[in-house]
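Spelled out from the first residue to the last, the chains are:
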Amino acid sequence: MSWRRDAALAATSARQTMSARGELVGRALFFGVLLLVFSRLWLVMAEEGRLGGVAAANFLWYLALTEWVVLATPMIYLTIEEDVKRGDLAYSLARPVSYLRAKFAEGLGELAVRCVSLGVLGFGLAWLFIGRLPDQPLALLWALPTGALAMVLLMQIQIAIGLCAFWIHEAAPVYWIVQKLNFVFGGLLFPLTFYPDWLRAISEATPFAAAVYGCGKLSFGTTTSAALTTLLWLVVWNVVNAGFVSVVYGRGVRAVEVHGG
Amino acid sequence: MKAAVQYFGAMIATNLRASMALRGAFWTRTIFMFINNFIYLVMWWVFFDEFSEVRGWMLPDMLAIYAVAAGVFGTAMIVAGGVMTLARTIVQGDLDTFLTQPKPVLLAVVASRSEASGWGDVASAVVLFALCGYVTPASIPFVLLALASGCIVFVASAVIFHSLAFWLKDTEALSRHFLHFLLAYAAFPKTVFLGWLKVALFTVIPAGFVTFLPVDVVRGGGWKVLLAALGGVVIYGSLALLVFRAGLRRYESGNRFGVRA
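For the protein sequence lines, the chains are A and B, in the order given.
Under the working numbering, the letters of the first sequence match residues 1 to 261, in that order.
Under the working numbering, the letters of the second sequence match residues 262 to 522, in that order.
Each statement offered as a hint is correct.
Within a straight-line C-alpha distance of at most 20 Å, the following computed EDC-like cross-link-like pairs (lysine to aspartate or glutamate) qualify:
| # | chain 1 | residue 1 | chain 2 | residue 2 |
| --- | --- | --- | --- | --- |
| 1 | B | K430 | B | D357 |
| 2 | A | K85 | A | E170 |
| 3 | B | K430 | B | E513 |
| 4 | B | K430 | B | D355 |
| 5 | B | K430 | A | E23 |
| 6 | B | K459 | A | E47 |
Simulated from the structure, these hints should not be mistaken for laboratory data.
All of these numbers come straight from a predicted model, not from anything done at the bench.
With the hints as constraints, model all of the structure from the sequences given.
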């Protein structure tokens, strides 16, 4: 029964996301702009023969995959932060629906719409700007499960950020930092293979690398075992983060119960 | 004119006092924005460590363009933070309270808010200018003029994008994303942009006037480049005034009762 309720919440959220066209179109255009800018960069590097024999297309498709994961993840921390700050969360505690589960379901609805729309547009534009698929196009099929798990992982991190509002009034500064750590450790713009060994080692120990680089590196080709290993890591990080979010939420709610919402 | 400048100065001073009144939030946002800017630069450090240059554009140039972008954006947020919510102000009918004041409406709206995070950007700009190695005591007046011109073009572009709300109504998300595009181009190695894209960056998305020309001034471009940058101020400043005035004639009151002290 509760699954049906979750599905209804997700469907409502998906409809709301589709109706908020400005945000969706804005993200899509931003995705396009980034791909255009970086296609220029990689084409220049390829013209000058400085990519060591690797096709410029692989690098642009890398960005298309990493940005797809990042841009499709809903900004769910904003609504959670708002609910905590305004005290709306306190009212939801009395309802027979878990607040956390409801937010997760709503986030999944939003994520589904963005995942499909940005995926179709982003991959189409990557093809248009660079004129071809990566060297091993079939590896892109792995992007479907990898991307989905990566987006769910990043969404869980967003939930944790939103819950920070229990203790610090504004979660936005925490979001900025986590977002940039995601960009750097995840290898948003450039593959982790460019990184010096020490930074690469740190990056690979974070969930950001599993989510962003894990999906992006498929543009350089993969094997079944490598793709399955990436998926396994994503499952592990999702479980770890789910546990972390539950603990943070439990502590936050106790603070609300003690001090009042 | 003198009265308008005095009014603008008074608005800025009042907003500064207001944002600094919440001392904790002010320092949190400032420090986090400062860290945020440097984390992002790590990716470009990785890139230039791998490739050393892109058509003559090297890491110090990247530091300089980031310094300009941070300085321009930060200053805009401090002195004209209201521009980032202009579309919402228009759509929600909140211009009513500004229209009743005996002051220039556009000036009053853009100067009605000051974002504390802008100070973090300005602090980043100072450090980045010191690190890039291009700024000398003799060049400081040029650098400040270049930053001022970039800032005015940025605010003028924001006014134009947000004024779309007079005609298209709910365009806040779209207007916000337009500014993100502008910043995406503005903090990129400019040597990769050629042909029609370069033309677009000096017209539709004026990143050329916001950072490209100012950064050339910082790199020792001299008077001619500075004059070209100031030309952008005249063009985009006039265009912003024309578009806002045309939009204001279509403005429908929100029937709001309110007073701004």
